[in-house]
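**Q** Sequence order for the protein chains is W and C. Anchor point for the first sequence: position 43 equals 43 in the working numbering, and the numbering is continuous, going up by one each time. Anchor point for the second sequence: position 108 equals 108 in the working numbering, and the numbering is continuous, going up by one each time.
Just so you know, the hints here were simulated from the structure itself, not pulled from any lab data. It cannot be assumed that every hint is accurate.
[Said to hold, decoys possible] Covered stretches of chain C (chain W as the covering partner; in silico rule of three or more C-beta atoms under 8 Å from a C-beta of chain W): (1) 9 to 21; (2) 89 to 101.
[To be verified] To list a few chain C residues with every Cβ distance to chain W over 10 Å, as calculated: (3) R24; (4) S26; (5) S28; (6) G34; (7) N35; (8) L51; (9) E84; (10) A85.
From the three backbone atoms N, C-alpha and C, an ideal C-beta is built for every residue, glycine too.
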Amino acid sequence: QVTLKESGPGILQPSQTLSLTCTFSGFSLSTYGMGVGWIRQPSGKGLEWLANIWWDDDKYYNPSLKNRLTISKDTSNNQAFLKITNVDTADTATYYCARIDSSHYFDYWGQGVMVTVSS
Amino acid sequence: DVVLTQTPSTLSATIGQSVSISCRSSQSLLDSAGNTYLYWYLQRPGQSPQLLIYLVSNLGSGVPNRFSGSGSGTDFTLKISGVEAEDLGVYYCMQATHAPLTFGSGTKLEIK
Numbered sequence: 001q002v003t004l005k006e007s008g009p010g011i012l013q014p015s016q017t018l019s020l021t022c023t024f025s026g027f028s029l030s031t032y033g034m035g036v037g038w039i040r041q042p043s044g045k046g047l048e049w050l051a052n053i054w055w056d057d058d059k060y061y062n063p064s065l066k067n068r069l070t071i072s073k074d075t076s077n078n079q080a081f082l083k084i085t086n087v088d089t090a091d092t093a094t095y096y097c098a099r100i101d102s103s104h105y106f107d108y109w110g111q112g113v114m115v116t117v118s119s
Numbered sequence: 001d002v003v004l005t006q007t008p009s010t011l012s013a014t015i016g017q018s019v020s021i022s023c024r025s026s027q028s029l030l031d032s033a034g035n036t037y038l039y040w041y042l043q044r045p046g047q048s049p050q051l052l053i054y055l056v057s058n059l060g061s062g063v064p065n066r067f068s069g070s071g072s073g074t075d076f077t078l079k080i081s082g083v084e085a086e087d088l089g090v091y092y093c094m095q096a097t098h099a100p101l102t103f104g105s106g107t108k109l110e111i112k
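Next up, chain W with everything else stripped away, as it sits in the complex (with noise of 0.2 Å):
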């Protein structure tokens, strides 16, 4: 049974640097074709996609965040890492995070964790 979990800080100020794990079972991110993404989603509006990281420990980032992304894994505990870095009251959203298996995008998600950006 593949299960994701979400977890973060629920708020922070401005400027800080937002931390997000991903907690999964199921399946092994050393599978290969295995991978994960990170997909946010501002309240009462859509989806947009984040990163991903692959199995080869391959990254791809969404350029509109520029370089304030890092995407990362630990395999030995099955997570994945999502870092934010110079957050603005733009990036709150709920944060979800979701497995890909192979051409199987975004097959199972986690609940989502929510994060509010605020003074």
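Assemble chain C onto chain W, guided by the hints.
**A** Quick look at chain C alone, frame taken from chain W:
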């Protein structure tokens, strides 16, 4: 970036009615290897999105066969043959052929 335009933005249907949602891409989603990375997701109220269709027309695991996907190039369609009450929510198309991955703006399905 590839822009995915979904129509309609809102859809109202009765139980048992068949409906279609269109997703049009600003560029062809066919890659050089002959694959088309077009996906459909449903986000029910208060829930995370779930995968319905992958690679244009393949049903996701556990997805009822009243859902079907079709299309090629820049024009894609999600069809629900016989809407059920549990189908209400927002439907998103997504492309993964071109970086960055992009989502359509969503189609909200309401049940009359």
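**Q** Can you list which hints this structure breaks, lowest number first?
**A** 1, 7, 8
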